[in-house]
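Novice: Respectively, the protein sequence lines represent chains X and Y. Residue numbers for the first sequence follow this note's numbering, so the first one is 124 and each next one is one higher. Residue numbers for the second sequence follow this note's numbering, so the first one is 7 and each next one is one higher.
No lab work stands behind these hints: they were computed from the structure. Fair warning: there could be bad hints in the mix.
[To be verified] As a list, the in silico DSS-like pairs of lysine-lysine whose alpha-carbon atoms are at most 25 Å apart:
hint, chain 1, residue 1, chain 2, residue 2
1, X, LYS343, X, LYS372
2, X, LYS193, Y, LYS14
3, X, LYS194, Y, LYS49
4, Y, LYS14, Y, LYS37
5, X, LYS152, Y, LYS14
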Amino acid sequence: MNTIADDDYFEVAGRKFRSRLLVGTGKYKDYQQNADALEASGAEIVTVAVRRVNVTDPDQPMLVDFIDPKKYTYLPNTAGCFTRDDALRTLRLAREAGGWNLVKLEVLGDQKTLYPNMPETIKAAEVLLNEGFEVMVYCSDDPIQAKVLEDMGCCAIMPLGAPIGSGLGIQNPVNIRIIVEQSSVPVLVDAGVGTASDAAIAMELGCDGVLMNTAIAEAKDPIRMARAMKAAVEAGRDAYLAGRMARRKYADPSSPLAGLI
Amino acid sequence: MRITVNGKETFAEEGTSVQELLVQMRLDSRKIAVERNLEIVAKSAYQSTMLEDGDQLEIVHFIGGGQ
């Protein structure tokens with residue numbers, strides 16, 4: 124039996140995805156390890172970066188030779204962009220390179236924390252939406268900012284669980300839960316997951332998915348960790364759908380008291 | 007004429023199109039995107055877009071990246 128029902132999926136930009144684990148493609152030893160980890164993760168969406176081609180050595184291996192854009196949905200993101208204009212330029216190029224409109228916007232505010240710059244993010248989202256992009260958006264875990272982005276027309280809200288690459292886990296589950304409850308578009312935790320239990324917690328909060336990179340890429344065995352994350356996301360999703368038991372202050376025996384000798 | 011590609015100054019013959027430049031550089035046009043003087047050059051326009059002296063080109067592709 125499949126752990127997740129066949130009709131359980133989330134939808135962005137008119138496309139349905141059964142895997143709720145989204146993975147990055149950075150920090151791996153090489154593209155082959157990356158491709159193997161991706162396979163083990165079961166992810167259907169991969170984030171990719173847009174960078175200059177190597178003009179002096181055009182024969183260097185390219186990501187598309189290892190991870191087939193026909194099999195996986197490439198989600199270009201603006202990692203490393205600190206202003207609205209940098210993000211716009213990057214995503215316009217991405218649209219031309221990839222030939223499609225679904226993108227992940229992130230505008231960073233600070234080198235040390237890589238925390239999102241929300242005013243710039245909102246300004247960039249406005250232009251992108253006007254230009255016909257489908258915008259999944261990295262944001263702070265502030266429900267008010269998340270609502271602003273949703274109302275503008277962003278197709279997925281992606282609050283951070285903790286700073287990018289920190290592996291600290293979900294630092295503010297209360298806010299994540301509020302964002303999940305108020306949103307009518309998918310909510311995905313983006314950044315901060317360190318290990319499998321963190322991913323499960325995000326899913327138990329009712330998130331539609333989790334995006335991670337470092338937690339898999341920097342594990343001692345990235346392929347095994349990818350598999351662990353797949354299981355964790357599925358377990359968390361199932362637990363959320365199953366509905367957890369109520370918390371009690373005191374013990375409640377599981378065996379009947381009647382008939383006790 | 008002088009053009010700048012990805013921040014490096016280089017020479018190109020008069021009348022070189024974007025398509026020809028990509029061929030000279032041995033780049034697969036299906037895997038890249040081109041920006042010329044801050045404007046995107048559509049793939050369909052590579053053939054018809056002629057380079058001019060002083061052009062600033064950015065040629066990019068997708069690489070591994072996370073957040």
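Novice: Does each hint fit the structure? Answer for all of them.
Specialist: Each hint, compared with the structure:
Between LYS343 of chain X and LYS372 of chain X, the direct Cα distance comes to roughly 39 Å. Violation of the 25 Å bound is thereby established for this hinted pair. For the hint pairing LYS193 of chain X with LYS14 of chain Y, the CA-to-CA distance comes to about 33 Å; that exceeds 25 Å, so the pair is violated. Distance restraint check for LYS194 of chain X and LYS49 of chain Y: the Cα-Cα separation of roughly 22 Å lies within the 25 Å cut-off, and the hinted pair is therefore satisfied. Between LYS14 of chain Y and LYS37 of chain Y the alpha-carbon distance is near 21 Å, which keeps this suggested pair within the 25 Å criterion.
Of the pairs offered as hints, the one joining LYS152 of chain X and LYS14 of chain Y is violated, with about 28 Å between alpha carbons and a cut-off of 25 Å exceeded.
The structure fails hints 1, 2, 5 (numbered hints given earlier, in ascending order).
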